[in-house]
Amino acid sequence: MPEVLILPDERPVPCGTHETILGAALRAGIPFAHACGGQGACSTCRVLVVEGWRACTKPTPKERVIAERLGFTDEFRLACQTRVTAPVTVRRLVLDDDDVELADLRPPARHRRAARRRRAHTGAGTLPGSRPRPIGEQVRVAVLFADLRGFTTFSQALLPYDVIHELQRHLQHVTQAVQRNGGFVTSYMGDGVMALFCPRDGPPSSLRAARAGIEMLGEAERRRGELDELYGRTVDLNVGLHCGPAIVGTLWGSPPTITAIGDTVNLAARVEQANKDLATRFLTTKETSTELRDSLIIGRSFRRTLPGMAGEHTLVEVLGWRADSSEVATAVARDRRRPG
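Taken in order, the sequence shown gives residues 1410 to 1749; the numbers are from this note's numbering.
Please note that a few of the clues may not be correct.
[As the list claims (entries may be wrong)] For each label pair, taking beta carbons as the anchor points, the in silico distance ranges come out as:
| id | residue 1 | residue 2 | range |
| --- | --- | --- | --- |
| 1 | Asp1610 | Asp1483 | 29 to 39 Å |
| 2 | Leu1568 | Pro1654 | 22 to 32 Å |
| 3 | Pro1612 | His1427 | 58 to 68 Å |
| 4 | Pro1421 | Arg1712 | 56 to 66 Å |
| 5 | Thr1494 | Ile1706 | 56 to 66 Å |
| 6 | Leu1567 | Val1474 | 20 to 30 Å |
| 7 | Ser1704 | Glu1484 | 21 to 31 Å |
Since the hints were made in silico from the structure, they are not lab data.
Just so it is clear, the structure is predicted and the values come from calculations on it, not from any experiment.
In this text, a Cβ means the ideal position worked out from N, Cα and C, and glycines have one as well.
Please take these sequences and the hints and turn them into a complete structure.
Here you go:
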């Protein structure tokens, strides 16, 4: 009976000639994702055939539909549709619930409902109390930039599928942190995002933005260990925050998107970029840190000139959140001087 070695579990599993890889794995107790129940209607059971792909049976019609849609090459297969005639080695690519959500190709009605609930709760994507408007309005906002450090080196050593999957997962977590704290992502720039926090009832914009940044860093710290285990390498996250007046308006499109322009936005972007030179992970301006002095755990201060900005600026290192310093501050501050 052929044997399938399943990674990263390092589990060899006997697989009968009339049994799929998914069926054999589930029989052996391996927690294989199969959101559609193994019916070939999603891609959550996808695997990378590391060795022996010629020993796999030809794709079924159902598998060909998904493979064409996702651009699978020969080494990517659906475990629920694939049988083997000789020993093969495969690696599970969908490992937990977050992976399942990203990989599930079934009709996304439940995802749309969840997105509507999140938008209703956070007000993400719209100016508070207004309709989309093409004419800009000056608003005092908190602008946050978050960017992966070391992603280029990380991606060069991975398969294209893995790069896109990990990037999608990262952007999902960053977006969720923004939305949980009443902000919205205005743009995605490769492995970076720009987020905007407008005035609304409840905590001030600067406080909500700072909390979102700290949550992002806590999640990034947790993911570092997982990435190292999966790929033998990892990445880090840099966050920059500044509050001030900006022109906020809607750019028409399908759908319309909100953007902000002005010195506040430019300064926030330069603050994030300064993390690399200063070996920090979360920087804000002195003005913004003063607004939050009772809420943040503050580290070092730096007096710097920033590209494209007039004069010198005092940048302040954010280490954590006083309300949850035991966990969050530890995650943010840990190895804060890692090389870029």
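| task | Confirm or reject the claim that Pro1421 and Arg1712 have a C-beta distance inside 56 to 66 Å. | result | holds, 60 Å
| request: Starting from the hint 29 to 39 Å, judge whether the C-beta atoms of Asp1610 and Asp1483 obey it. | output: With Cβ atoms ~55 Å apart, the hint is violated.
| query | CB of Ser1704 to CB of Glu1484, is that within 21 to 31 Å? | reply | violated, 50 Å
| field | Pairwise beta carbon distance, Thr1494 to Ile1706, judged against the given window 56 to 66 Å | value | Between Thr1494 and Ile1706, where Cβ atoms are some 59 Å apart, the hint holds.
| said: Quick check on a hinted range of 22 to 32 Å for Leu1568 and Pro1654, using CB atoms only. | reply: violated, 45 Å
| request: Indicate whether the distance between the beta carbons of Leu1567 and Val1474 respects the range 20 to 30 Å. | output: holds, 26 Å
| Is 58 to 68 Å right for how far apart the beta carbons of Pro1612 and His1427 are? | holds, 60 Å
Checked against the numbered hints given earlier, the structure breaks hints 1, 2, 7 and satisfies all the rest.
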